[in-house]
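Q: The chain contents come next:
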Amino acid sequence: MNRVITLIVLALLTGCAATNTLPERALPDGQDYLKPIHVMVDDPLNAAQIRNQLRETGVFRSVETGEGKAGDYSVLIRFNSQRDLPPFPVILLSTATLFLLPLSQSIDTTTEFSLQQNGKLLKQYSYRNVTHKYTWLLDGSGGMQQENVNRITRAFAQDVQRDGLLPVAHTQ
Amino acid sequence: MAAVLLLGGCGTALKPLDYKAQRAYVPMSVTMPPPESRFDQQKQREVIQLLRDTGAFSFLDGGFSKTGYSLLVDQSGGKGAGVLPAVLGALTLLTVPVPYTYERQLHGSVFKDGQLLKTYAYKRGGWTATTWYIPMIEPRSESEMLGDLMRDLDRDRLIPYQ
Numbered sequence: 000m001n002r003v004i005t006l007i008v009l010a011l012l013t014g015c016a017a018t019n020t021l022p023e024r025a026l027p028d029g030q031d032y033l034k035p036i037h038v039m040v041d042d043p044l045n046a047a048q049i050r051n052q053l054r055e056t057g058v059f060r061s062v063e064t065g066e067g068k069a070g071d072y073s074v075l076i077r078f079n080s081q082r083d084l085p086p087f088p089v090i091l092l093s094t095a096t097l098f099l100l101p102l103s104q105s106i107d108t109t110t111e112f113s114l115q116q117n118g119k120l121l122k123q124y125s126y127r128n129v130t131h132k133y134t135w136l137l138d139g140s141g142g143m144q145q146e147n148v149n150r151i152t153r154a155f156a157q158d159v160q161r162d163g164l165l166p167v168a169h170t171q
Numbered sequence: 000m001a002a003v004l005l006l007g008g009c010g011t012a013l014k015p016l017d018y019k020a021q022r023a024y025v026p027m028s029v030t031m032p033p034p035e036s037r038f039d040q041q042k043q044r045e046v047i048q049l050l051r052d053t054g055a056f057s058f059l060d061g062g063f064s065k066t067g068y069s070l071l072v073d074q075s076g077g078k079g080a081g082v083l084p085a086v087l088g089a090l091t092l093l094t095v096p097v098p099y100t101y102e103r104q105l106h107g108s109v110f111k112d113g114q115l116l117k118t119y120a121y122k123r124g125g126w127t128a129t130t131w132y133i134p135m136i137e138p139r140s141e142s143e144m145l146g147d148l149m150r151d152l153d154r155d156r157l158i159p160y161q
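Listed in order, the protein sequences are those of chains A and B.
One point on numbering: in numbering that gives the first Met the number 0, the residue at position 71 of the first sequence is 70, and numbering is uninterrupted.
One point on numbering: in numbering that gives the first Met the number 0, the residue at position 112 of the second sequence is 111, and numbering is uninterrupted.
What the hints contain is simulated information worked out from the structure, not anything from laboratory work.
Since the structure is predicted, the reported quantities are computational estimates derived from the model, not experimental observations.
We put the CB at the ideal spot given by N, CA and C, even for glycine.
A few of these clues could be false.
Unchecked claim - Here are a few chain B residues that face chain A, going by a calculated C-beta distance under 8 Å: (1) Val-29; (2) Gln-41; (3) Arg-44; (4) Ile-47; (5) Leu-49; (6) Gly-54; (7) Phe-58; (8) Ser-64; (9) Thr-66; (10) Gly-67.
Input sequences plus hints: build the corresponding full structure.
A: Structure representation (structure tokens):
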């Protein structure tokens, strides 16, 4: 009996966690900020979220909107995100059972970052992250999209920090 | 005919624009007022997809930019069926035509480096009725106005091409 309860508890605690294909990147504390970047995202509805998540990495001194002036560093982002839901009858069935029937959901995002200065391409970074989760009544899909994009922006921030193409912003 | 009306009569999706761009503008951003509902959110998604499908935008960013070109698209204002025709329509299961007047508006503003260059205003209105067998006219009006905006932007050449 105890074993069954333990298994159920384990399944509830761990079985519903989202899985990601892109590993989590650790960003070390105590590093100097990199120079400000001007970020343009080719997706009007997700642009603000991506810029905010780049700010949250704490790697760049600032993340600005739009094209920069001459000499500024800019990042052009091509973003494509597809959400995959189960067939409609399965969703209806889950709804009919008041969401006790778990639904398999996934978000597949491919992103291309082009780091540029004065219109010259310095380096291109590409990432893909597939986030998958079983959602049900007590554990919905909220935060999935954020987690999906967060892994990508952190991976980009770490790679830019490692490559050293973007100079450190010295405090005045 | 009945099947077409059944399937298409109540469609609220916007129709494709009758405008195709010959050349694409330089990378720019588009911004819309914050959506008030899920319905608004879905509609904004449709509008952006329609604008993209014209081929006029090489790179379409979101938000308002202090540098470069921005286009503000505002579809607020106007009026729809109102409470009485909507309730009567619902009570009769949209079988009895309840006439009402509607009005749709579109404002498009072009900004360069945060400064307003020009605002375009469009308005469509008329009579229609709340039934499932009369195709909804409002989405067509909205698509027409977006097409007009794209044509006027093309004619005025305020935004440079790539």
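Q: Next, verify each hint and record whether it holds.
A: Comparing the hints with the structure gives:
no., hint, verdict
1, Val-29, "holds (5 Å)"
2, Gln-41, "violated (11 Å)"
3, Arg-44, "holds (6 Å)"
4, Ile-47, "holds (5 Å)"
5, Leu-49, "violated (12 Å)"
6, Gly-54, "violated (14 Å)"
7, Phe-58, "holds (5 Å)"
8, Ser-64, "holds (3 Å)"
9, Thr-66, "holds (4 Å)"
10, Gly-67, "holds (4 Å)"
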